[in-house]
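Colleague: Here is what each chain is made of, one letter per residue.
There are 4 protein chains.
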Amino acid sequence: MNNIDLSSEQYYTDLALEARDLVRGATGQEIAGVIEDKQTFPYGSITIIKIEDEAAEKVMGKPRGTYITIEAPELKYKSPEVQLSVAEALSEQLSNLLHLKGQETALIVGLGNWQATPDALGPSVVKYTLVTRHLFKHMPDAVQSYLSVCAIAPGVLGITGIETAEIIRGVVEKVKPNVIIAIDALAAANINRLGTTIQISNTGIAPGSGVNNRRVEINFHTMGVPVIAIGVPTVVNAAVIGRAVLETYANKFSGGRQHPVYIQETISDVLEPFQGSLVVTPREIDDLIENASRTINRGITMALHPRVPREELEALIS
Amino acid sequence: MNNIDLSSEQYYTDLALEARDLVRGATGQEIAGVIEDKQTFPYGSITIIKIEDEAAEKVMGKPRGTYITIEAPELKYKSPEVQLSVAEALSEQLSNLLHLKGQETALIVGLGNWQATPDALGPSVVKYTLVTRHLFKHMPDAVQSYLSVCAIAPGVLGITGIETAEIIRGVVEKVKPNVIIAIDALAAANINRLGTTIQISNTGIAPGSGVNNRRVEINFHTMGVPVIAIGVPTVVNAAVIGRAVLETYANKFSGGRQHPVYIQETISDVLEPFQGSLVVTPREIDDLIENASRTINRGITMALHPRVPREELEALIS
Amino acid sequence: MNNIDLSSEQYYTDLALEARDLVRGATGQEIAGVIEDKQTFPYGSITIIKIEDEAAEKVMGKPRGTYITIEAPELKYKSPEVQLSVAEALSEQLSNLLHLKGQETALIVGLGNWQATPDALGPSVVKYTLVTRHLFKHMPDAVQSYLSVCAIAPGVLGITGIETAEIIRGVVEKVKPNVIIAIDALAAANINRLGTTIQISNTGIAPGSGVNNRRVEINFHTMGVPVIAIGVPTVVNAAVIGRAVLETYANKFSGGRQHPVYIQETISDVLEPFQGSLVVTPREIDDLIENASRTINRGITMALHPRVPREELEALIS
Amino acid sequence: MNNIDLSSEQYYTDLALEARDLVRGATGQEIAGVIEDKQTFPYGSITIIKIEDEAAEKVMGKPRGTYITIEAPELKYKSPEVQLSVAEALSEQLSNLLHLKGQETALIVGLGNWQATPDALGPSVVKYTLVTRHLFKHMPDAVQSYLSVCAIAPGVLGITGIETAEIIRGVVEKVKPNVIIAIDALAAANINRLGTTIQISNTGIAPGSGVNNRRVEINFHTMGVPVIAIGVPTVVNAAVIGRAVLETYANKFSGGRQHPVYIQETISDVLEPFQGSLVVTPREIDDLIENASRTINRGITMALHPRVPREELEALIS
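Note that the protein sequences, when read in sequence, are chains E, A, F and D.
Counting from 1, position 274 in the first sequence corresponds to residue 274 in our numbering; the numbering is continuous, with no gaps.
Counting from 1, position 16 in the second sequence corresponds to residue 16 in our numbering; the numbering is continuous, with no gaps.
Counting from 1, position 265 in the third sequence corresponds to residue 265 in our numbering; the numbering is continuous, with no gaps.
Counting from 1, position 186 in the fourth sequence corresponds to residue 186 in our numbering; the numbering is continuous, with no gaps.
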């Protein structure tokens, strides 16, 4: 139990917060090179984790940088009040990462596959995005208080036959944005997080990472501009649930004794045929995607256009 | 391990075949009042289970009647050849249950919620159904080789506020069909079955039974006409996966010893927040629904219109 | 030009307001048996037309009863402020027709075909409807300030093979509602009305009336309970546009002289192949349906649950 | 009547065949610089028009190059036999334009907006496209008989804020395809063509050209590789119907005399509010898009992979 391999399927999580908990749960100690800050807001909490050096990168299985996690358990119940509060928290955190002066161009990238419901978060956000970039040429007065915003939903490798990073890089070279905001559905380790947690990071993102087929990453290194990633867990990989069940049971029954090889074998036996693509998700996954994408879009819109009155923005995106 | 409670969430399956395996796995014996026959076809097997008396009903947790299970592992790979072969097997089995003379009216009922992808099988079949009933009045010559077929997708209680059985009963009293064919997404106990198994039964169906909120049943008793149910597993309840993992592990590690109370507690602990609605499903659930509904529609169409040339039917439904 | 045949395809409109204008345009006189009242609200006007006797029924081509038309040109621009104002106007007019005491059950019927975008208004409203009827049994306290509301989207004859009125009648006999509110996409005579006009009437509705294949009507006579119809024009029949163009041109060019036979022939020649199903609609028909259905749902919800605080309702339907 | 302005809204058509008919109808003469060939196939005809010089470009309002028009009136009735025959005709014509050696990479570009049904043809074809490019690296043996094919649906300016040509150019610079095949919904001048005509050209395409807001063109000049455009008419602009009705009427009533200024005024008066975006389309536009995109995809797939057995291809795309 001391040596948790966060790269194994059983421990897979896209959330830095969960990776930290898994590592600390195993070792019972603070993690060197990982610092953390926590605050609250009316409907939940905000945890800021910084992975500061290479050693911490390895232990955490995540690139160094800042990971902000907004947790709002009530987000699950489609309440406009909760949604607004979370969108405001997201907007504030995003603003802190963006440091916009107002003359920039932001490119929103909706990762994922709109033909696979649990993976449709990114394209759904793009559908709602308020784009303005094309108006600056012909209607500059109408958008003078706005940031220049554009958006694409590049699709997934299985649909396009092209690495998603290649498509985005091609568009970036034409559009020359100052920042990319990439949205993707995430895999969590804990079902409580489905539709209730938002992670914002400045480290970029590897599309499909939760699906066991890691693709070329979308980050400052590959894109040449800062990449802010925003994600919401929409699934827990089935192998993670299997492992969690076994550990919980072992803690109750056999005083915590487990047999890692048997755990691996068990998970393979039970989950074999669809391995990698089998996920745990609510039946109402369509609703979850709809609500999460609206909340994210609201938060992004507020952060990108701080000089536009709130009511005006609400009118344009609702 | 001897007393399996098939009504508990951990053992939930809509498939009689799996219920039989669970019971026999626990007892190691034939089940009194349950008889079985098995045959093969090019891409799989067909198992016919008959539950014959009240005692067997109780043990199996399913009403008495005939349950036909078509298993075709390759159905998962969208092959037209496999799909056609399975549709033919379905058509043949369905014909055996229907005993049509050609003058009857069949009502296809697509159960489930088209706004929740894993639950959208029934409405998707209705979308593809070849309806003819309305043509008998104004174009009788055009449909003289056809059976009179009509179809509804009544929705689910949470969307309509009306028990699904009430809606169907209301329509049945107007349309006066000779038989109802009800299609619904099922919950299996084994992930191998997702999208690869079709169950046909003459016992009717309880909508939402896999979701832990059993509704009024749709069967001969409530509808006044025979009800044939056709279903394909689209999910495995998360609790079932939890239990399966624990059992498999116990067989490897502790010689099969398990602690039922701890198992129950573990599953509750890990899966609590969404309990009942948390499911295991492939990420590509949209594709699974599309393929399964096309296969079922093909099988039903062939069974209902035996006098119409195959090519003509294919042209109308593809 | 004196004898306008409102039942001909060229003059087809589902709006009583337009029928009146067409008749008066032709005769230049008040119509006996038709009385009218007009008022305004911040974003438009409300016209109440009453058809009072059989003679007026014939001239107008509409059954006797009250037709309320809300006109709000700005509704076309997805503004939340306009949408709210129109929803309030709709709510008030609907309340006047409903006279609810609070103990009734209302059945919302979403007519039309969700697989044909211009015809999907009714099913789209049902998707958003706040249903409560099923909660009165198990959670009576939670809904004590609410009216009992249920909803169905019965489909169209071509998909179900069953007359829509039969399906609804079957459901009505089970649910025994006190009132039916039927929503349907309408055909107007003037493109200005697409997405900007709402008609409410207490006369019931004939599904598909704008499509030249009149179906059994859904009204007090066929249902046994009052039927309030709510509709928004989503299309103008192509033949109506053809006729309008010819008349406008004749007024400019030949001093208004027209040749009715040639007009008919011309329209047949140009529009033949799809006749009846060819419509004029905005390219952005998907948006029009989405906006109109949200506005209607808001208005209905406010009218049905007057004792529930506005914020609570907004939270539940947004 | 002698000087037809094909750039005016009333005469707008994306089809070279219709442009030729309009010009010849006005002048009654062959058009210099335009040559034509016609052949038939079981379910229709194929017309090949070549615009050969600058003068002909001007008269026709289309860039010089080859325009192949497949007309198949029965394509409207979803018959698999007709669909296959048309797909084969498309495949043959496309092969003639492509001259593939088998080592090339083809980029399929689905133009248009999947959120506006009449404009969703391109994205719908991409959804069905058999992409192979990503398999050449990791599974070269599996695809050795296949061409390297990739696909994108870049969206429209109003959704992305980026000129579509910019996005495609960015992707082209990364993927370096040998040819682009761009699919788009077209506007015709005659409603008979809706869903029954396919135009293939080697001249590229201007997205949104039928919508009165011409965008940067996608052609050899802007992309640096040959661009084959494939389109199916899904709409007729409302102004075109207006003009056609007036002309037809004038021919009947006033011996063909028309008043061009009054025609323009009439069309403006009747169609003003939505001008440019008002279209004539069948109510069943969703079906039209589905059928047309499947037919086009079949034709493209056969043309791109001539060495793969037909049954294998059918299995992969159906």
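If you are wondering where the hints come from, they were derived from the structure by calculation, not from laboratory data.
Possibly wrong hints are sitting among the right ones.
The list makes no distinction among identical chains, and a pair is therefore deemed to hold if it is satisfied within one copy or across any two copies.
[Unchecked claim] List of simulated lysine to aspartate or glutamate pairs, DMTMM-like, C-alpha gap at most 20 Å:
hint : residue 1 : residue 2
1    : K78       : D286
2    : K101      : D287
3    : K127      : D287
4    : K50       : E81
5    : K174      : E290
6    : K252      : E30
7    : K76       : E311
Colleague: Checking K76 and E311: alpha-carbon separation at most 20 Å within a copy, between copies, both or neither?
Modeller: Only across copies: K76 and E311 sit 19 Å apart there, 25 Å inside one copy, limit 20 Å.
Colleague: How would you classify K252 and E30 at a CA-CA limit of 20 Å: within, between, both, or neither?
Modeller: neither (26 Å within a copy, 34 Å between copies)
Colleague: One pair to classify: K78 and D286, alpha carbons no more than 20 Å apart. Within, between, both, or neither?
Modeller: within (13 Å within a copy, 24 Å between copies)
Colleague: At most 20 Å between C-alpha atoms: does K101 with D287 qualify within a copy, between copies, both, or neither?
Modeller: Classified as neither: same-chain Cα gap 36 Å, cross-chain 34 Å, threshold 20 Å.
Colleague: Quick one: K127 to D287, C-alpha cut-off 20 Å, is that within a copy, between copies, both, or neither?
Modeller: Classified as both; 15 Å inside a copy, 12 Å across copies.
Colleague: Pop the pair K50 and E81 into one bin, within, between, both or neither, using alpha-carbon distances up to 20 Å.
Modeller: Classified as neither: same-chain Cα gap 30 Å, cross-chain 43 Å, threshold 20 Å.
Colleague: For K174 vs E290, is the C-alpha pair at or below 20 Å within one copy, between two copies, both, or neither?
Modeller: Cα proximity of K174 and E290: none, with 31 Å in one copy and 33 Å across.
Taken one by one, the earlier hints fail for this structure at numbers 2, 4, 5 and 6, listed in ascending order.
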